[in-house]
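The whole structure should be built from the sequences, with the hints applied where relevant.
Listed below are the residues making up each chain.
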Amino acid sequence: DLPQGDRVQALYIWIDGTGEGLRSKTKTLDKKPKSVDELPIWNYDGSSTYQAQGQNSDTYLHPVKIYPDPFRRGDNILVMCETYKYNKEPTETNHRKICKEMMDAAANLKPWFGIEQEYTLLSQDGHPFGWPKNGFPGPQGPYYCGVGANRVYGRDVVEAHYRSCLYAGIRVSGTNAEVMPAQWEYQVGPTEGIHMGDDLWVSRYILQRVAEDFGVVVSFDPKPMAGDWNGAGAHTNFSTEPMRKPGGMEAIQNAIDKMSKHHIRHIKAYDPREGKDNERRLTGAHETSSIH
Amino acid sequence: MSKTEKQKAVLERYMRLPQPDDKIQCTYVWIDGTGEHLRSKTKTINFVPKTPKELPVWNFDGSSTYQAEGNNTDVYLHPVALYRDPFRLGDNKIVLCETYKYNKKPTETNHRKTCCEVMERAKDQHPWFGIEQEFTILDSDHHPYGWPKNGFPGPQGPYYCGVGANKVYGRDLVEAHYRACMYSGVNISGNNAEIMPAQWEFQVGPCEGIEMGDDLWMARYLLHRVAEDFGLLVTMDPKPMQIASGHGAGRSAKMGDWNGAGAHTNFSTVTMREENGIIEIERAIDKLSRHHIRHIKAYDPHEGKDNERRLTGIHETSSIHDFSAGVA
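Residue numbers (the numbering used here), protein chains in the order written: chain Z, -16 to 275; chain A, 2 to 329.
Worth flagging that the hints you see were computed from the coordinates, not collected in a lab.
Nothing here was measured: the structure is a model prediction, and the numbers come from that model.
Think of the CB as a built atom: it goes at the ideal place given N, C-alpha and C, for glycine as much as any other residue.
It cannot be assumed that every hint is accurate.
So, partial list: chain A residues that the calculated Cβ filter (under 7 Å) puts toward chain Z [said to hold, decoys possible]:
1. Ile46
2. His225
3. Arg226
4. Arg291
Here it is in structure tokens:
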């Protein structure tokens, strides 16, 4: 709460070389920026984030979107960034560049996304938060949307995250406790175009940062506990303007038909290990379809 | 600062973040397939609702709450009673919901639908209810809260409406619950410590008609949710501590003597409240006496098996098998 004058703190956030990990560092700006274009390009050592090797490891941060900072508040901001190599090419895990080009090309279709992000809270020893040490809770059944200290673990993290996202202007449309205890879900959307990706990634950053304050760990792993325990996915709701109009069913069926022809290619794109992660989740049991 | 205190301080900081005026969190609460447990999830809406009808119908996966099987597991949530949210504060709301299957029929444990129809038909009689909800606070190991671990407190006697750290266990939870109910709009009329230590009672009412059910279920939701914040459990099991049996020589016969937790229901219609209302009361008692078994089956979610453990004829109960009436 100490006053900070006109200077603001800008927290630059980026996705590292794993394609799933997030990194951040802070820069002081002389004054609050009016738009993202005013923000300076920054850089960091990519060899520390699995993003560069050898001599020229400078990796560049290009700000793409600003959010109010729920941790530092005031005029301080979070800044989502794209990463570029020294030769101006996007880094291997900078998928946003092409995604944005696609979204711009498809802008007149007004593509809407709603993504249901599931995740598991873990204690620092890697065991799910609230589970008995070296053991397991009772079988699934009473936990989904549950209430009570023996049904849900970690609600404080969820509440703090929800409020932080609303403050930051991220369109979190809801939350619920999931089927496995210590597992939760929040939904982002409906959000149009590239904003979906930006908002979702920043919401993941906020979640991990909030959990840090509570001393617990967030895992987005699709199958954190083998055995009779549900996995954690990201069900994606999608539509284009033609799909939303009367008679839209036809547009939907066309899209389904197109998707059916690219199943393997899509599955490879859905997790950072070309489908190997989701293979553990999409078994055909525990409310999933088989990955094949 | 203990770990829990630190946790609460951290949460407090986040909950002080201002919330945009056009973003309201609305928690939908419903009764699951067990008929006794509650579930909830939250939706962001972009207006402040004044009545439950303004809120959208929502849905959830009934196969995760013992409410559906097979292919069509969508179960629908119809908001019916609106309350202020005592956890998130501001304009945030909690709404009690009825549940319906994909074919628009009420789910098996949606008893409110028929209850509401009956209350509507009886509305000229202005039926008033006051229900005394008893409950027991348990620690995370499921032993009553405040009781010695692997042991028992002294026999019942000093605990009812008691004061003192050796007489009542869990007052903080009870105080928090009372205030939360008052804030949210639940018609809570009082509370007291009960005969068994760690057992408490609160009363809801007088409420007219379906409001009784709504306020009572919401009060239960708030109780479980407040207990969650304290890291404790609440049970409404009618007989959480059985009479101990097979104890060694020298053990007092009273060691295993623990009261149950019920929900004494006070009831009247407008005619009962008028001059010579006793006649109307006696008429009603006569009607009740003819439906004893059917009613007993309806009073708990296991067709009377739960209450059988409580209504033994001792510990201030009647036997479950006998219907009786008297004037106090």
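Against the structure, the hints:
1. Annotation: interface hint on Ile46/A violated; nearest CB of chain Z at approximately 9 Å, more than 7 Å.
2. Nearest Cβ of chain Z to the Cβ of His225/A: about 5 Å, under the 7 Å cut. The hint holds.
3. Contact between Arg226/A and chain Z, as hinted, is supported at the beta carbon level, the nearest pair being about 5 Å apart and thus within 7 Å.
4. For Arg291/A, the interface hint is violated, since its Cβ never comes within 7 Å of a Cβ in chain Z; the closest pair sits about 38 Å apart.
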